[in-house]
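Line by line, the protein sequences are chains A and B. Note that my numbering has the first sequence beginning at 3, numbered continuously upward. Note that my numbering has the second sequence beginning at 7, numbered continuously upward.
It is worth saying that the hints were derived from the structure and are not from the lab. Given the structure is predicted, the values throughout are model-derived calculations rather than measurements. Accuracy of the hints is not assured; some may be wrong.
Stated by the list, open to error - Okay, the calculated beta carbon distance ranges per label pair: (1) E356(B) to P12(A): 48 to 58 Å; (2) G101(A) to G421(B): 19 to 29 Å; (3) L458(B) to A138(A): 48 to 58 Å.
A virtual CB, placed ideally from N, CA and C, is assigned to each residue, including glycine.
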Amino acid sequence: MTTEPADDRPPAAGPSANLIAAVVVIALGGAAVVGAAGLGSGPGTWPTVVGVALVILGLILAAQARRAEPPERFTRSSLLVVAAVASMIAFVAVIATIGFEIPTVLLAFVWLRFLGRESWRTSIAVSLGIVVVFYALFVGALDVTIPHLF
Amino acid sequence: MSSVIDGFAVVLEPANLLYCLVGVVIGMLIGVLPGLGPAATIAILLPITFGLEPVTAVIMLAGIFYGAQYGGTVTSVLLRLPGEASSVVTVFDGHALARQGRAGAALGIAAIGSFIGGTLSIVALTLVAPIVAGFALDFGPPEYTVLALLGIMLVSTISSGGRIRALTAAAIGLLLATVGRDDFTSAERFTFGNLSLADGIDFVPIAMGLFGLGEILYNLEERHRAVQAPTRVTNVWPSRADLRQSSGAIGRGSVIGFVLGILPGGGAVLSSMAAYALEKRRSKHPERFGQGAIEGVAAPETANNAAATSSFIPLLSLGIPANATMAVIFGALLIQGVTPGPQLVTEHPELFWGVVNSMYLGNVLLLIMSIPLLGVFVRILRVRAAVLAPITVLITLVGAYTVNNSIFDIGLVIGFGVLGYLMKKAGFDPGPMVLAFVLGSLLETSLRRSLLLFDGDLTGFLTRPISGVLAAAFLAVILLPLARTLLRRRHPKPSREAEGQADSSLPAEGQADSSLPAVGPEGSAEPAGRSVPNVVGAAGGDQRRAGPVSQQTVRRDPNPEESE
Numbered sequence: 003m004t005t006e007p008a009d010d011r012p013p014a015a016g017p018s019a020n021l022i023a024a025v026v027v028i029a030l031g032g033a034a035v036v037g038a039a040g041l042g043s044g045p046g047t048w049p050t051v052v053g054v055a056l057v058i059l060g061l062i063l064a065a066q067a068r069r070a071e072p073p074e075r076f077t078r079s080s081l082l083v084v085a086a087v088a089s090m091i092a093f094v095a096v097i098a099t100i101g102f103e104i105p106t107v108l109l110a111f112v113w114l115r116f117l118g119r120e121s122w123r124t125s126i127a128v129s130l131g132i133v134v135v136f137y138a139l140f141v142g143a144l145d146v147t148i149p150h151l152f
Numbered sequence: 007m008s009s010v011i012d013g014f015a016v017v018l019e020p021a022n023l024l025y026c027l028v029g030v031v032i033g034m035l036i037g038v039l040p041g042l043g044p045a046a047t048i049a050i051l052l053p054i055t056f057g058l059e060p061v062t063a064v065i066m067l068a069g070i071f072y073g074a075q076y077g078g079t080v081t082s083v084l085l086r087l088p089g090e091a092s093s094v095v096t097v098f099d100g101h102a103l104a105r106q107g108r109a110g111a112a113l114g115i116a117a118i119g120s121f122i123g124g125t126l127s128i129v130a131l132t133l134v135a136p137i138v139a140g141f142a143l144d145f146g147p148p149e150y151t152v153l154a155l156l157g158i159m160l161v162s163t164i165s166s167g168g169r170i171r172a173l174t175a176a177a178i179g180l181l182l183a184t185v186g187r188d189d190f191t192s193a194e195r196f197t198f199g200n201l202s203l204a205d206g207i208d209f210v211p212i213a214m215g216l217f218g219l220g221e222i223l224y225n226l227e228e229r230h231r232a233v234q235a236p237t238r239v240t241n242v243w244p245s246r247a248d249l250r251q252s253s254g255a256i257g258r259g260s261v262i263g264f265v266l267g268i269l270p271g272g273g274a275v276l277s278s279m280a281a282y283a284l285e286k287r288r289s290k291h292p293e294r295f296g297q298g299a300i301e302g303v304a305a306p307e308t309a310n311n312a313a314a315t316s317s318f319i320p321l322l323s324l325g326i327p328a329n330a331t332m333a334v335i336f337g338a339l340l341i342q343g344v345t346p347g348p349q350l351v352t353e354h355p356e357l358f359w360g361v362v363n364s365m366y367l368g369n370v371l372l373l374i375m376s377i378p379l380l381g382v383f384v385r386i387l388r389v390r391a392a393v394l395a396p397i398t399v400l401i402t403l404v405g406a407y408t409v410n411n412s413i414f415d416i417g418l419v420i421g422f423g424v425l426g427y428l429m430k431k432a433g434f435d436p437g438p439m440v441l442a443f444v445l446g447s448l449l450e451t452s453l454r455r456s457l458l459l460f461d462g463d464l465t466g467f468l469t470r471p472i473s474g475v476l477a478a479a480f481l482a483v484i485l486l487p488l489a490r491t492l493l494r495r496r497h498p499k500p501s502r503e504a505e506g507q508a509d510s511s512l513p514a515e516g517q518a519d520s521s522l523p524a525v526g527p528e529g530s531a532e533p534a535g536r537s538v539p540n541v542v543g544a545a546g547g548d549q550r551r552a553g554p555v556s557q558q559t560v561r562r563d564p565n566p567e568e569s570e
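Okay, chain A solo, but in the shape it has when bound (with noise of 0.2 Å):
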């Protein structure tokens, strides 16, 4: 993995993918004008106004596919956000429940060791230190009245 450059953005997507986004602006702007419409006059005329802006804004993203900067491919490092997106997922699930020391941890050790790639000793002291420094500024200090265990 050291071969390829580091730091470097992923490669380029084909002009497809600009379609792709043209068209989910479309659907949007589309989904604007039909929610507004059961609105009526009034409430509904802005939406509806900037609905129409967003389809025809889309139009021309979609004409403009082809010459348009591609946008980025996703590549296998991509999973490394889907993992990411589902750590925090499951920390939102579980924190009404048993406070947020314990899904703290959890979740600080997962991005150091396996999206960071640090050590087992730097992943756990330093997603140790992280709920003791939150637990003192968030419970002792601030007095947030958030969830928590102890």
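Let chain A serve as the given structure and place chain B on it in line with the hints.
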């Protein structure tokens, strides 16, 4: 006048002094560290500001913003790795000077230039802002409608990734702003029956998600090189000859920075490039630029600080944020129950003058700290991105909860974080989206009020003098580039001169082509790429695209970060 002096009394309160110091130190740190830019940092720290007085909160946030302009220089000069996008042009001569063993002189002149540029800009801000505000007191809904549109348009024009993409992002921002109860009829819009959405989407999760988390996720994909320990910096004081050579550049840089900073969409990046280009054009020996010309460091570093300061003028006097960072500070003020606008000077003089005057102090603090603490900041560079990422992400998640004690808000942050990441992947700058979201309800409300005023007649905007002028400017911003595109199609190769003048859509690119030096065969500075002309992001979330400038000076560790 007495309110100006009262403002100093506000600044000298111990809490405000302390948070001013905290702000500029954080600003310098994030300026040095690759990873987060000022908009992202301010967004992440928003929850902390809730417990503070409004004036204290803004003093700290402002300190982060202009402090980052100081910090960004250090890595440009020493490592050829711009810490902030606004320091990209500093790399050319700053690093050349460092290689000649004159890194100290480059950093010293940058600190002095920053101080002078920042201070002159505050003096001008002190004089100009109340006048603008007084003028704007007469503004009615039609003026605000056009002003908000013009602001969004200008910001989109200079954004990275192209105008259409920026406008698309802005339109999505406007759409997000409509979620929730309608102010006029209290009809629920796009809430999908969700009670948490009835009051609209909060600004904080949007800013934290799009800027903060989006940036963190985007950086995860990037493998960071190990940073080489830089050479020791000695003799930070520039020589008398250096000072003499730079004095003109500092003066001109201050003016350019101040003027470009006021314009919506203008800001630190654009002004640093313009100042550099001007110095090179004026110089009798333009070939010195890129070889270690001290003016090449002084001009952009002065200009970016002057611009960072003057971009507060539209926010504090009109209530229109000029760039993404200002949009976040606007949001911070709203949360504090203060609506920025022309009435701010008269209704909250202690806030207005407290914030403005804190900048004098902050600049003094930065000048004092930046020189002796250089070594400390350089050492901070060794903290690995892999260690910083979980810390920032947890601050973001826990911070998002503390705003409303709402788990739903954490979910929103994650959602907007993913959106911000995807937008960046697809080449859409999230800056215009946040800005448009902030201005969205102002824009809709003033538009609908205006239409009531005009009985639904759109030409009413053109017949009122101020809104008419603003509308003309708005049309010019749209039509000029369109005309240029049409002309270009007719004449495939227009002269560079004409193109440079008509090109309002990509000013940085025009300048980059004509006046910025190439970075040399090994360099990859790409000032015209999607990274650098990003003025919104410059102040805003997208600093990191400034990217590494040379592979030669930053040695690649054969076994990065695995050999612990």
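Hint-by-hint comparison with the structure:
no. : hint                           : verdict
1   : E356(B) to P12(A): 48 to 58 Å  : holds, 50 Å
2   : G101(A) to G421(B): 19 to 29 Å : holds, 23 Å
3   : L458(B) to A138(A): 48 to 58 Å : holds, 54 Å
In summary, the structure agrees with every hint in the numbered list given earlier.
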